[in-house]
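Asks: Model the full assembly from the supplied sequences, consistent with the hints where possible.
There are 2 protein chains.
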Amino acid sequence: MDLFEAMLTRRSARKFTDEPISDEMLEKILRAAMAAANSGNQQPWRFIVIDNPALRDRIAELDIERGGYYKSPQLIVVCGDIGSMKWKMHWLADCAAALQNLLLATHGLGLGAVWQELYPYHKRVAAVRGILGIPETVYPMAVVSIGHPIDVPEPTDRYDPAKVMSNGWIAP
Amino acid sequence: MDLFEAMLTRRSARKFTDEPISDEMLEKILRAAMAAANSGNQQPWRFIVIDNPALRDRIAELDIERGGYYKSPQLIVVCGDIGSMKWKMHWLADCAAALQNLLLATHGLGLGAVWQELYPYHKRVAAVRGILGIPETVYPMAVVSIGHPIDVPEPTDRYDPAKVMSNGWIAP
Chain B
-13 MDLFEAMLTR
-3 RSARKFTDEP
7 ISDEMLEKIL
17 RAAMAAANSG
27 NQQPWRFIVI
37 DNPALRDRIA
47 ELDIERGGYY
57 KSPQLIVVCG
67 DIGSMKWKMH
77 WLADCAAALQ
87 NLLLATHGLG
97 LGAVWQELYP
107 YHKRVAAVRG
117 ILGIPETVYP
127 MAVVSIGHPI
137 DVPEPTDRYD
147 PAKVMSNGWI
157 AP
Chain R
-13 MDLFEAMLTR
-3 RSARKFTDEP
7 ISDEMLEKIL
17 RAAMAAANSG
27 NQQPWRFIVI
37 DNPALRDRIA
47 ELDIERGGYY
57 KSPQLIVVCG
67 DIGSMKWKMH
77 WLADCAAALQ
87 NLLLATHGLG
97 LGAVWQELYP
107 YHKRVAAVRG
117 ILGIPETVYP
127 MAVVSIGHPI
137 DVPEPTDRYD
147 PAKVMSNGWI
157 AP
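Line order of the protein sequences matches chains B and R. Using my numbering, read the first sequence as starting at -13 and increasing by one per residue. Using my numbering, read the second sequence as starting at -13 and increasing by one per residue.
Hints may be right or wrong, so weigh each one.
It does not matter which identical chain is meant; a pair holds if it fits inside one copy or across any two.
Claimed, not checked - Simulated pairs of lysine to aspartate or glutamate, EDC-like, Cα-Cα distance not exceeding 20 Å: (1) Lys72 / Glu103; (2) Lys72 / Asp146; (3) Lys14 / Asp146; (4) Lys72 / Glu51; (5) Lys14 / Asp143; (6) Lys109 / Glu47; (7) Lys74 / Glu51; (8) Lys14 / Glu(-9); (9) Lys57 / Asp9; (10) Lys14 / Asp(-12).
Source of the hints: derived by calculation from the structure; they are not laboratory data. Owing to the predicted nature of the structure, the values given are computational and were not obtained by experimental measurement.
Replies: Written out as structure tokens, the structure is:
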């Protein structure tokens, strides 16, 4: 798929078939995620792929502050390994950049995904840490439901010239 | 450019010719940025394009904690407008996702860019707020130097299977 087509037509998918994503496609998706821009080339992102159905359901049905996550055959929990970093300030933005690539790659392969926040909701972070045995030096920052989508929303053009300013802040 | 080629070959450019990016290309780049995933469709991103040479130099030569930013004919200061948001927690990740699209779009057009952090370095944030008249409810989060690149680094494959775990955290 063309780069601009991918960026401009990607939407969140929230309903999935039961067919899991193949290992080959998952590797393509995670390779793209790991190619994202990041500060000081520290690459703090980590990815926990959950395909055990009981574990998947425990995460998906977590009912802390938001009432669960969309069910898909696999979930990916994206984490920032702060303990691995010399300069720790940028981990969240680094992981978010990786997540944007992950979503684009998923869409480019004809699959679908939705990004659901954990960090900075500390109760969600603590709950997911507990279930997955994630150490305190690692921050789970999102749950991604991913799979073969049913019913993806139509693309919309979100370009808004009022969000572009020239040589200084001018309130829209 | 193909999506995966773009994601896997994008690198930061740090040296640029004097030729500015055309308005048409800038709009393509910012349209891609505004198509990024974001929480609750709040789209908190704002973009200040700086092409006034004196102002550009004041920003580029800011010597707070990092010794300046790479010079290019235009700089883009990416901001999160927290004041516009009902749910304010996710602004940084939203802006980072937009920035990843911005970098990919730039690369896809044969141009180059580098993402340089402002937030969460509060002295840098305050300095850039002062120069550009950015209100307290808006966080400038990055300076992007952008233009026609000279000397872009070769692509590298950053895929690391040790960063992918299955059904729980296992320390690499």
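Asks: Broken hints, numbered, in rising order?
Replies: Hints that this structure does not satisfy do not exist here, as all of them hold.
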